[in-house]
Amino acid sequence: MIQDLHQQHHLSRRSLLKSTLVTAGGMAVANWGALFHSQTIAAEAKRSGKRCIMLYMEGGVSQIDTFDMKPGRPTGGPFRPIKTNVDGIQICEYLPKMARHADKLAIIRSMRTKSVDHGIGGYHMHTCYPSSEKFPHPEIGAMIAKYCENPQSDLPSFVKLGPAGCNAGSGYLGPQYEPFVLGTDGKLPGFANPSAPPAVQDRRAELLKSFEERYAKQRPAEPFASHREAELRTIRLMRARKAFDVADEWTKARERYGNTPFGRGCFTAVKLAEAGVPFIEVGHDGYDSHNDNFPVHKANLSVLDPAWSSLLQDLQDRGMLKDTLVVWTSEFGRTPAINGQGGRDHFGRAWTVVLAGGGIKGGQVYGASDRDGFEVAEKMVDEGAYFATIYKTLGINHRAKHYLGSRPIWATPEGSKPIEELLA
Amino acid sequence: MNDFANAKVLHTLPWNSAYITSLAFIGNDRVAASSKNGEILIWNLAVPAGKTPDPVRRLVGHTNEINRILVTPDGRTLISVSNDRTVRYWDATSDQGEPGSVVLNDGFLPKGVTEKVDKVPPPPPPIEVKLIVQKPLRDLTNHTEWVMGLAQTPDGKTLVTGDDQGVIIVWDLPAGKELRRWQATQWIASLGISPDGRTVAASQHTPFIRFKNGLETFVPHFHFWDAVSGQSKLDLSKEIKVGMSAVVYSPDGKWLAAAHGNTQTEKNEGKVFLIDPTTGNKIRELAGHPVGTNDLAFHPDGKHLFSSGRDQQIKIWNLDDGKLVREFGKFADRGVWIGALSISPDGRRLAAADRAGQVLIYSLTT
Chain G
1 MIQDLHQQHH LSRRSLLKST LVTAGGMAVA NWGALFHSQT IAAEAKRSGK RCIMLYMEGG
61 VSQIDTFDMK PGRPTGGPFR PIKTNVDGIQ ICEYLPKMAR HADKLAIIRS MRTKSVDHGI
121 GGYHMHTCYP SSEKFPHPEI GAMIAKYCEN PQSDLPSFVK LGPAGCNAGS GYLGPQYEPF
181 VLGTDGKLPG FANPSAPPAV QDRRAELLKS FEERYAKQRP AEPFASHREA ELRTIRLMRA
241 RKAFDVADEW TKARERYGNT PFGRGCFTAV KLAEAGVPFI EVGHDGYDSH NDNFPVHKAN
301 LSVLDPAWSS LLQDLQDRGM LKDTLVVWTS EFGRTPAING QGGRDHFGRA WTVVLAGGGI
361 KGGQVYGASD RDGFEVAEKM VDEGAYFATI YKTLGINHRA KHYLGSRPIW ATPEGSKPIE
421 ELLA
Chain F
425 MNDFANAKVL HTLPWNSAYI TSLAFIGNDR VAASSKNGEI LIWNLAVPAG KTPDPVRRLV
485 GHTNEINRIL VTPDGRTLIS VSNDRTVRYW DATSDQGEPG SVVLNDGFLP KGVTEKVDKV
545 PPPPPPIEVK LIVQKPLRDL TNHTEWVMGL AQTPDGKTLV TGDDQGVIIV WDLPAGKELR
605 RWQATQWIAS LGISPDGRTV AASQHTPFIR FKNGLETFVP HFHFWDAVSG QSKLDLSKEI
665 KVGMSAVVYS PDGKWLAAAH GNTQTEKNEG KVFLIDPTTG NKIRELAGHP VGTNDLAFHP
725 DGKHLFSSGR DQQIKIWNLD DGKLVREFGK FADRGVWIGA LSISPDGRRL AAADRAGQVL
785 IYSLTT
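Sequence order for the protein chains is G and F. Reading the first sequence from the start, the letters are residues 1 to 424 in the working numbering. Reading the second sequence from the start, the letters are residues 425 to 790 in the working numbering.
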């Protein structure tokens, strides 16, 4: 377990002020990042070597039409359950490929969450805290990047592909852990292509380094090292850009993943995880089905099913699944009741998320909603327990303490505990 | 010419256990309604003044939502298509069957079951009605997924159906025999067949996959297909760029009307297009219903088109000049949809169903 590093993380008012002064003029990213990513801290952090891929269903996915079906009930809707490769677990008929991976899944059917609109729900399910706190909490991707990254990697530690359900970013962890955001096709923007060959880049970097070292001898403030590191990281990213270029392999993979942006995002996520990126979020939008919930979900599940199942299969085939946690989540669920527009509305009282892979005991359903899906009937799970479970599987102390100024803040709220039954 | 100024509601028929998906008159005095629960109720409207009709027949057999129903021109057969992947034929006239009952209010009312209430209110006392329960005459299982589109020729000889796998099937209607099929690329959201049986007009639309920079373009398509060869005769996808909830030929074959259903978006769109059935040229764009048009029905007078929408309204349009003749209902941008329409063969009654589970029967007499 990673130790609490609050002493090293303590960001004093004085140092913050100093950083801010130095960074005036557009260098804030590098400088603030340095305060949190000093060599001292990096040397003491124990990297878990684990990874997480989060599949985020933007808009609010319906639990009753996916993993918590209510056949024969007035709330059930037109989808039917099918058997899976685990006795007793049934899921939606439009997830037939995922049904063959149920032995890898821990289906939590008892989520009760408090923020039931898109902005606040996306924030809460990405940070573990309500947005009403007005505090710069980091996204889960930034937290995992901080504790699971390889500081020597050329690749970013927190990558987002496709539609995003939250833009909180790295919050109080600092810009070092800001997400590296890519479009739906997963390709790097054109400016990421270096204008000079690697040998020239190296010579330029050395030259820059020598100038900066001479300059810094007179001015030992850490921000200069950070500035240099940021530039070097950029150069390294340019070198690593091929990790994002999956075009050749995609031609073969797209039949399995589905030739969709989400399918390609899932395939890219596997490649990035394989290359060493500790956290990748892949977004899939279009679930906010206040109207026409059933055709909407049927269409979306036809995209989700091949992509998610292929991602799990490829992780397994590459021997990566045991160290890669795969999270399927959303900002909230959808109402059991079907409204006058054939839709389902926002719902946080009893909904479903799914965990799989590294650290998770698969082939189980945890918790339950009542017969029509209006309330949690067994083993309620709140945001804190959900985040604590994820952090524990990745070897992160879910009560890790950090500071913003003199204010302490924890990775999950007080009282949050991992769900031990879900852990392998 | 009838301007429908005296149109009024004759009956309000409750069925709030499930929303109603489609309507069809059987002759002039009976109306059938299908539901999301997969059942069909039939009401006999010939009741003494001041009395509200009760349903008299319940057709059971579908196991999932029914998307469309129609009654053959001779009034003898009712045909339904469903998410249970079947096409079913029913005897539209027989009163024979097993005695049974239906509870008209056993569903959840939309009110009170959302996130904003702590507890679902207790259900109201059941409204139970005795009736005859009937089974289908024939089940056609040639489709493998949700059957969305259903239309027939006015001579009752040809039937066409379409599903969400993009399969269109042309049938010998009396025999229930598949004549031919072809494959489109997306969901068949709605379709119609020309009165001469030679052309199938179909709207393809895969719902809610709004890829901005997608690897595949799930943009809606609109084609005229040759009903004999299955070949595309005309691709109107560049002219009609949205998905249609209803595609209907006028019985005289002069008009093709298509309603933008505005499926899965919340933009203010819902025009009705009047199209030349021969050339495919857009003759007129009617304002339609600003948040989406759900259904269309040509009046037997050949001069008017009725539309219903997601704005809680029913509108009557003059085909010659495209002007709005009359509208019923109070506009609401997120109200209870008027989902389905049907006009009696004599043109004297209109049936309209809302998503709260009511069938409204209007008198259209002058």
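The set of hints was computed from the structure by calculation and includes no laboratory data. Check the hints yourself; a few may be wrong.
Unchecked claim - Chain F is faced by these chain G residues, among others (derived, beta-carbon under 8 Å):
hint, residue
1, Pro78
2, Pro81
3, Pro96
4, Ser131
5, Asp292
6, Val296
7, Gly340
8, Gly342
Said to hold, decoys possible - So these bits of chain G aren't anywhere near chain F, every CB distance computed over 10 Å:
hint, residue
9, Asn291
10, Lys298
11, Ile338
12, Ala377
13, Pro408
Here a beta-carbon is modelled for each residue, glycine too, at the ideal position from N, C-alpha and C.
Structure-based check of all given hints:
At a threshold of 8 Å, the smallest CB-CB gap from proline 78 of chain G to chain F is about 5 Å, leaving the interface hint in force. Because the smallest distance between the Cβ of proline 81 of chain G and any Cβ of chain F comes to about 13 Å, over 8 Å, the interface hint for this residue is violated. With a cut of 8 Å, the hint placing proline 96 of chain G at the interface with chain F is violated, because the nearest CB-to-CB distance is about 13 Å. The restraint placing serine 131 of chain G at the interface with chain F is violated, with a minimum CB-CB distance near 17 Å, outside the 8 Å limit.
A distance limit of 8 Å between C-beta atoms decides the matter here; for aspartate 292 of chain G the minimum to chain F is near 5 Å, and the interface restraint holds. Among the interface hints, the one on valine 296 of chain G holds; its C-beta lies about 4 Å from the nearest C-beta in chain F, closer than the 8 Å criterion. At about 4 Å, the closest approach between the beta carbon of glycine 340 of chain G and any beta carbon in chain F falls short of 8 Å, and the interface hint on this residue holds. The interface hint given for glycine 342 of chain G is met, as the beta carbon of that residue sits about 7 Å from the closest beta carbon of chain F, less than 8 Å.
Its beta-carbon lying about 6 Å from the closest one in chain F, asparagine 291 of chain G breaks the requirement of being farther than 10 Å from that chain. Here lysine 298 of chain G does not stay apart from chain F, with its beta-carbon only about 7 Å from theirs, under the 10 Å limit. Its closest Cβ contact with chain F, about 8 Å, brings isoleucine 338 of chain G to no more than 10 Å, contrary to its assignment away from the interface. Non-interface call for alanine 377 of chain G relative to chain F: holds, since the shortest CB-CB distance, roughly 14 Å, exceeds 10 Å.
Every CB of chain F is more than 10 Å from the CB of proline 408 of chain G (nearest about 33 Å), matching its label as outside the interface.
Of the numbered hints stated above, those contradicted by the structure are hints 2, 3, 4, 9, 10, 11, listed in ascending order.
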